[in-house]
Amino acid sequence: MVKRSGLIGACLALLLGCSTATGPVLYQRLGAEEGINAIVDGLLFEIEHDERIVHHFADSDIGRFRAMLTEQLCDLTGGPCQYSGSTMQQSHTGFNITLADYDALVEGLIKVMQRQQISITDQNALLALLAPMYKDISYR
Amino acid sequence: MNLRLLLIIFFCLPTLASAGSKIIATGGATTVEGNAGGGIVPWAVINGYASSDEWSVTTFAGRVGVNDFSLNSAGIALSLDNTWELSYARQRFALESIGGSLSQDIFSVKYHLAGELLYTAMPQISLGIQHKRNLDFALPQAVGARSANGTDFYLAASKLLFNQVAGRNLLLNGTLRASKANQTGLLGFGSSNDNSYQLLFEGSAAVLLNYNLALGIEYKQKPDNLAFAAEQHWRDIFIAWFINKNVSVTGAYVDLGNIAGQGSQTGYYLALEATW
Numbered sequence: 001m002v003k004r005s006g007l008i009g010a011c012l013a014l015l016l017g018c019s020t021a022t023g024p025v026l027y028q029r030l031g032a033e034e035g036i037n038a039i040v041d042g043l044l045f046e047i048e049h050d051e052r053i054v055h056h057f058a059d060s061d062i063g064r065f066r067a068m069l070t071e072q073l074c075d076l077t078g079g080p081c082q083y084s085g086s087t088m089q090q091s092h093t094g095f096n097i098t099l100a101d102y103d104a105l106v107e108g109l110i111k112v113m114q115r116q117q118i119s120i121t122d123q124n125a126l127l128a129l130l131a132p133m134y135k136d137i138s139y140r
Numbered sequence: 001m002n003l004r005l006l007l008i009i010f011f012c013l014p015t016l017a018s019a020g021s022k023i024i025a026t027g028g029a030t031t032v033e034g035n036a037g038g039g040i041v042p043w044a045v046i047n048g049y050a051s052s053d054e055w056s057v058t059t060f061a062g063r064v065g066v067n068d069f070s071l072n073s074a075g076i077a078l079s080l081d082n083t084w085e086l087s088y089a090r091q092r093f094a095l096e097s098i099g100g101s102l103s104q105d106i107f108s109v110k111y112h113l114a115g116e117l118l119y120t121a122m123p124q125i126s127l128g129i130q131h132k133r134n135l136d137f138a139l140p141q142a143v144g145a146r147s148a149n150g151t152d153f154y155l156a157a158s159k160l161l162f163n164q165v166a167g168r169n170l171l172l173n174g175t176l177r178a179s180k181a182n183q184t185g186l187l188g189f190g191s192s193n194d195n196s197y198q199l200l201f202e203g204s205a206a207v208l209l210n211y212n213l214a215l216g217i218e219y220k221q222k223p224d225n226l227a228f229a230a231e232q233h234w235r236d237i238f239i240a241w242f243i244n245k246n247v248s249v250t251g252a253y254v255d256l257g258n259i260a261g262q263g264s265q266t267g268y269y270l271a272l273e274a275t276w
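Those protein sequences? They're chains A and B, same order as listed. With the first letter of the first sequence counted as 1, position 68 gets the number 68 in the numbering used here; the numbers rise by one all the way through. With the first letter of the second sequence counted as 1, position 135 gets the number 135 in the numbering used here; the numbers rise by one all the way through.
Treat the hints as calculated values from the structure; they're not laboratory data. Hints should not be assumed to be uniformly reliable.
Stated by the list, open to error - The calculated lysine-lysine pairs, modelled on BS3-like cross-linking and capped at a C-alpha distance of 25 Å, are:
1. A:135 to A:111
2. B:159 to B:222
3. A:111 to B:159
4. B:222 to A:135
Said to hold, decoys possible - For the chain B half of the interface with chain A, some residues (derived, Cβ under 7 Å), not all of them:
5. 21
6. 51
7. 159
8. 162
9. 170
10. 193
11. 195
12. 199
13. 201
14. 203
15. 210
16. 212
Glycine included, every Cβ here is placed at the ideal spot set by N, Cα and C.
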């Protein structure tokens, strides 16, 4: 049993070692400006066609939303941008974004990333950055 | 019973509508006891894909086949609001080499207390109750079990960690259970000289190879109340394929240790699940 868990530990260490190898930042791996633009446009398309959440955007300035989200993703993923928009808490207050709304948006994002054939590793790296925003976005 | 349920599931497949809003695989598979989890360990996740203000129904049928025994189980669960999971399962444990069988009903309630599997730093935490009713108590009584019915309580914590193992997401689960059950209740509850609850640990770890495939291991600590035969811990290595939000299949290699004096019970687990 001890020997076996040691072996499992060694395998895990090996796998974890691979994932921390240095390389281009996520921004580059997602295709830099062009890639981020494609993700944002894809997500806007998904939102527009998702009756579960499209109503939250009825009064939104889509142009500004697009620009801010692009800037934010660029900033978050290590690109040459500085997010200049309001905090997630400020921008979602009054919308009462539910867990189901958040799930729907994440599902939309996954669909876009799959369509763009982003590697599963890079998809997970982006999700790791976005998922924790739930506490600032939901139920406000 | 299982065959009939499987047929119902199959004939219903084409009519299944889109499930709830939760992300695929986040409802877990269904344990042999009817709770969302792995194959033998209940997790803190709620079965099916009902997110907030949604509901879903999950059915499953599974079979464990080890050297001298088989365990058929089937059940149904109703999930509400990603908060409540109400489930029923029927198990039939066949003593293939000794002859005869033991059955039990399992009625469970799970309540999601705090945390969100994907979105909060705090793990998702749920409290569960399983009420089990043994339907063939003559044999368990003959080997020293005190009671035909018993209630287990468990506290489960589950967390999905993104981008952990070769860029894949890692699901970790720990469950603490208070139980009097002998062989999970198939051999009744307690013994003539011990009727106290024991605190037991159960754990699972799974790597999501992609959105649809999970590869994992499970461990379930068990009590050893009955003098007639030693009871051992259960372990398994499983792979779950979430084909879509409506259908998933789970297969596992299981090691159930010694059961009722029959040594080294290893074999397979296969389960089919349908959700809508």
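Please verify that hint: residue 210 (chain B), Cβ, nearest Cβ of chain A, below 7 Å or not. For residue 210 (chain B), the interface hint holds, since the closest Cβ of chain A sits about 5 Å away, which is under 7 Å.
Interface restraint verdict for residue 195 (chain B) against chain A (beta-carbon cut-off 7 Å): Status violated, d = 31 Å.
Verify the proposed pairing of residue 135 (chain A) with residue 111 (chain A), using a straight-line Cα cut of 25 Å. Holds, at roughly 23 Å.
25 Å Cα cutoff - pair residue 222 (chain B), residue 135 (chain A): Distance ~38 Å between residue 222 (chain B) and residue 135 (chain A) Cα, so the pair is violated.
Does the interface hint hold: is residue 21 (chain B) within less than 7 Å of chain A, judged Cβ to Cβ? 4 Å, holds
Would you check the hint for residue 111 (chain A) and residue 159 (chain B), treating anything up to 25 Å between C-alpha atoms as holding? 23 Å, holds
Restraint: residue 159 (chain B) near chain A, CB-CB cut 7 Å. Satisfied or not? 11 Å, violated
Should the interface hint for residue 199 (chain B) be scored as holding, given a Cβ-Cβ cut-off of 7 Å against chain A? Result: violated, 21 Å to nearest chain A Cβ.
25 Å Cα cutoff - pair residue 159 (chain B), residue 222 (chain B): Answer holds: residue 159 (chain B) to residue 222 (chain B) is near 24 Å, not above 25 Å.
Given residue 170 (chain B) was flagged as interface, is its beta-carbon under 7 Å from a beta-carbon of chain A? Because about 9 Å separates residue 170 (chain B) from the closest Cβ in chain A, which is outside the 7 Å limit, the hint is violated.
Restraint check, 7 Å cut-off on beta carbons, for residue 212 (chain B) near chain A: This interface hint is violated because 11 Å lies over the 7 Å limit.
Interface hint status, residue 51 (chain B) versus chain A (Cβ within 7 Å): With a minimum Cβ separation of about 4 Å from chain A (threshold 7 Å), the hint on residue 51 (chain B) holds.
Going through the hint list in order, the structure does not satisfy hints 4, 7, 9, 10, 11, 12, 13, 14 and 16.
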